[in-house]
Amino acid sequence: MIDLFDIMGPIMVGPSSSHTAGAVRIGRMARTLLGDTPVKASLHLHGSFATTGVGHGTDKALIAGLLGMPPDDLDIPLSFDIAEERGLKFTFDELDLRDAHPNSVRMELVGANDRRLNMQACSTGGGRILVTKLDGTDVSFTGDYHTLIIQNMDNRGNLADVTNALALAGVNVANMSMSRSSKGGNVMMIIETDDPAPDFIVQLIERQPGILQVIHYEKES
Amino acid sequence: MNLDSMKDTLSAARQEGKRFWEIVLEADMKNRGVSRTDSLNKMAAVWHAMREASHVYTGERRSVSGLVGGQGKLMREYAAEKTPIGGDFTAQVIAEALSMGESNACMRRIVAAPTAGACGVLPAVLIPLYWQDNLTEDRMLEALFTASGIGAVIAYRACISGAAGGCQAEIGSASAMAAGALVYLRKGTDEQMGHAVAMALKNLLGLVCDPVAGLVEVPCVKRNVIGAVNAIAAADMALAGIESRIPVDEVIDAMGEVGRRLPVEFRETALGGLAATPTGKAVKKQLHGDRKKRTLTIKDARWKLDKSGAETVQNTAAT
Numbered sequence: 001m002i003d004l005f006d007i008m009g010p011i012m013v014g015p016s017s018s019h020t021a022g023a024v025r026i027g028r029m030a031r032t033l034l035g036d037t038p039v040k041a042s043l044h045l046h047g048s049f050a051t052t053g054v055g056h057g058t059d060k061a062l063i064a065g066l067l068g069m070p071p072d073d074l075d076i077p078l079s080f081d082i083a084e085e086r087g088l089k090f091t092f093d094e095l096d097l098r099d100a101h102p103n104s105v106r107m108e109l110v111g112a113n114d115r116r117l118n119m120q121a122c123s124t125g126g127g128r129i130l131v132t133k134l135d136g137t138d139v140s141f142t143g144d145y146h147t148l149i150i151q152n153m154d155n156r157g158n159l160a161d162v163t164n165a166l167a168l169a170g171v172n173v174a175n176m177s178m179s180r181s182s183k184g185g186n187v188m189m190i191i192e193t194d195d196p197a198p199d200f201i202v203q204l205i206e207r208q209p210g211i212l213q214v215i216h217y218e219k220e221s
Numbered sequence: 001m002n003l004d005s006m007k008d009t010l011s012a013a014r015q016e017g018k019r020f021w022e023i024v025l026e027a028d029m030k031n032r033g034v035s036r037t038d039s040l041n042k043m044a045a046v047w048h049a050m051r052e053a054s055h056v057y058t059g060e061r062r063s064v065s066g067l068v069g070g071q072g073k074l075m076r077e078y079a080a081e082k083t084p085i086g087g088d089f090t091a092q093v094i095a096e097a098l099s100m101g102e103s104n105a106c107m108r109r110i111v112a113a114p115t116a117g118a119c120g121v122l123p124a125v126l127i128p129l130y131w132q133d134n135l136t137e138d139r140m141l142e143a144l145f146t147a148s149g150i151g152a153v154i155a156y157r158a159c160i161s162g163a164a165g166g167c168q169a170e171i172g173s174a175s176a177m178a179a180g181a182l183v184y185l186r187k188g189t190d191e192q193m194g195h196a197v198a199m200a201l202k203n204l205l206g207l208v209c210d211p212v213a214g215l216v217e218v219p220c221v222k223r224n225v226i227g228a229v230n231a232i233a234a235a236d237m238a239l240a241g242i243e244s245r246i247p248v249d250e251v252i253d254a255m256g257e258v259g260r261r262l263p264v265e266f267r268e269t270a271l272g273g274l275a276a277t278p279t280g281k282a283v284k285k286q287l288h289g290d291r292k293k294r295t296l297t298i299k300d301a302r303w304k305l306d307k308s309g310a311e312t313v314q315n316t317a318a319t
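Which chain is which? The protein sequence lines are A and B, in order.
According to our numbering, the residues represented by the first sequence are 1 to 221, in order.
According to our numbering, the residues represented by the second sequence are 1 to 319, in order.
Chain B on its own, in the form it takes in the complex (with noise of 0.2 Å):
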């Protein structure tokens, strides 16, 4: 099994009375060439890396232009302290996807799932999942099998990063994984888990990726939130019954599609969209008034070989 179509890895499941995701961890197996305890082990560690570094946040750290940082634990006190408008667990989901999001922006150990910029959607909804909803660690490997397949699909039929198709295919595709891995939790079917990839990744379609400065930070960091509380919305309605009325390779397609044909000022070139606004130029300015000071600095300290590379491996083997 390729993981190049859901349809066909749906029915694949059918046929042989599997879960999507044993499809997925079949696959991976077969791929790698690694047995089926070395592929849990390989996804428990990242379900691990994934709790590792919402437990280690603590919203004291700054990104490297300032712009980012704190606003994670801002939410996580207001949720504590006030009656968020979308109740506790929205909350949740909202603090821990801005958590994640600043995390990488500070440099700090995420999981890139798809993409590093969209680090926060998957462990924005899981987490809080895990602790409301009491589930074992083998049922979150298992969502987290589910929403890679769906991540493999997007990849291969489309594409998941903001230079090839815009920020629908970093933030939307991991919507559409965290999506998927919602209705598997909720114990909905896979057909139910397919219409809600759908309609996430839908609701998403056309999202342009104008990180100011070209940095993942303005606006990605906040992007995860519509991520996560867009991957719950299209959960909740795939449970509740309500169908795509597009085919979900159909509406990976039509991602795929409207990625390329994104001008190219959208596909975090940082040449347009919030980044080329005044504010985000004024901030592109700044950092690279910096650069330049820093690059002069480095360049009284340089020094060059003398010889070129070729003469010089010669001479090391001679020796």
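With the rest of the complex left out, here is chain A (with noise of 0.2 Å):
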């Protein structure tokens, strides 16, 4: 069954769910999976986020959820001069992604302790979103699920490794997907949970060898 509050909301700042809301959640995200303070971000919009993205808001909203806004939040139309008081720099131009839903955009970011993210995401309607690509993997997932991004080196036991931590803490498994850049390249987990991962796991899991980066996205209620 579909949210009911997916029909009864979201409460949002407008004037479009697919193209200002979706937009600020695709930003929050970015931050998020950064793991930083952006600084700097590259944006390339494609498609109707390209055509009407402007008089939508898409360019702002984008910035917003860099700066961490949630959708609903009145400093959205700002958030250009906002980004300026807080140091975020930023670039927009239009890019044409081959084959990417239409409400598409790529972004190169770089955070305060020199992070890097190179993500690309779509709007998908009514304020949801979904993740591509994430520095050149193709992955596929939306945040409706607490999540866990996870690179490692393509090592044997890798996956066991991290389900048997997820299992320890009693954190139930929804979706799931592998995918790797090559054979011996470097491997993306993602792993879509019912239950957010305690910190202890996560940790638990970054403290495994072979084993690059975890991140841990909590869904917003």
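Hints may contain errors.
Chain B is faced by these chain A residues, among others (derived, beta-carbon under 7 Å) [claimed, not checked]: (1) 2; (2) 4; (3) 7; (4) 9; (5) 11; (6) 12; (7) 15; (8) 16; (9) 17; (10) 52; (11) 55; (12) 68; (13) 70; (14) 72; (15) 77.
In case anyone wonders, no lab produced these hints; they're calculated from the structure.
Idealized CB from N, CA, C, for every residue including glycine.
Taking the hints as your guide, dock the two standalone chains into a single complex.
What follows is the structure, encoded as structure tokens:
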């Protein structure tokens, strides 16, 4: 069944759930995945995001999200000024991403601690989003679940280490996917869970040999 | 209860001796795994957001394109100073629908119910009735659960987005939801509620989505008015004992079918209808010109990452 509050909601700043609220959520997701305060952002708008984005405030919404604002924050229209105050430099341009959803954006981010992220995501309607690429690897997750994004080396047994840790904490896995850039290259695991993974489990996973990075995205209510 | 049919949900309510809204509330509790209090509180937040949005409207703001803003204020002034043809209540409903639609276009906070473009329909009928009939907040929440359940069935059987089904799917669905809520608030039966939903949706069947320049402004703001006024008419008919000759689920299915067969020009692409009129095209051209200028200035300050994403992350992890 559809979430009743997707029908009676979301509570959001207008004018468009896909072009504004969804764009804020994409920005927020990118900030979380960066795990750092973004100081530089290069955003490439595709399709309808490029053609009607300005009129819908898509650009302001994306920046608002990068600044950590939720979709109902009344400061969203002022996000460019707030970005300047907080030292976030950004640029926009248009990019034709082949075969991408019409409401797509690709962004490259640099954080204050020099963390970097390259993400592509689309806004699929009603404020819902889908992350489609992370650092060059195809992924597919929505942020509708608590999500673990794990990068590891292509070693035997890494997956078992991760699932064992989750089983230990009694965290139920809803969906999961794994993909790698090449054999022996880096692997990206996306694990969507019904319950949030406790911090100690995230730390435990981080300490397993071969695990490069763990990001925990906690679903927003 | 999956809320995939009005008929099944209504008969579940009858069998269990409950009202439609209670079945909807229980479905939400089960679906999201939350308590009754949590579900009610979340709906209360929705109701408060609607009232807040209405309360803070001043009519001073203008949309990005400048096409929209101040219409709700004009209607409020007219209703206060003159004798509106449809009476005071209808005038308030029209003013509220315009105000909310404008607030959305001007990047203010609204409740997308079921979509941002159709955000004016429900508050336009609910807020004036809340004051006029001196209703309790509990009853307003029950009415909102009623409306949500209707919307959930429409979303399951047909669609609620202009891109998928045209304006009938957005304003039409909002109008059907509002009609059902009104019947509930006026102490109609759940069966009457179902007829009101069917009649409201039937009346807007085939309405195209043709936003000028692709923006949620023209004709979207004013279409909220027809959604709200149509909801009142459908609710009054149902309360009078008038029935829809076509059962409500069949009407919803018909809306879905019409939506699927609407040419793509009439589904939010801004390629047909009012968007394709000479004036609509001129507005688009003007905005497009602005966009080009803007993109150029942005490109001057452009910078790029020197490494590909995959490499940078490997480096980040290693440090």
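Query raised in the report: Which numbered hints does this structure break?
Result: 12, 13
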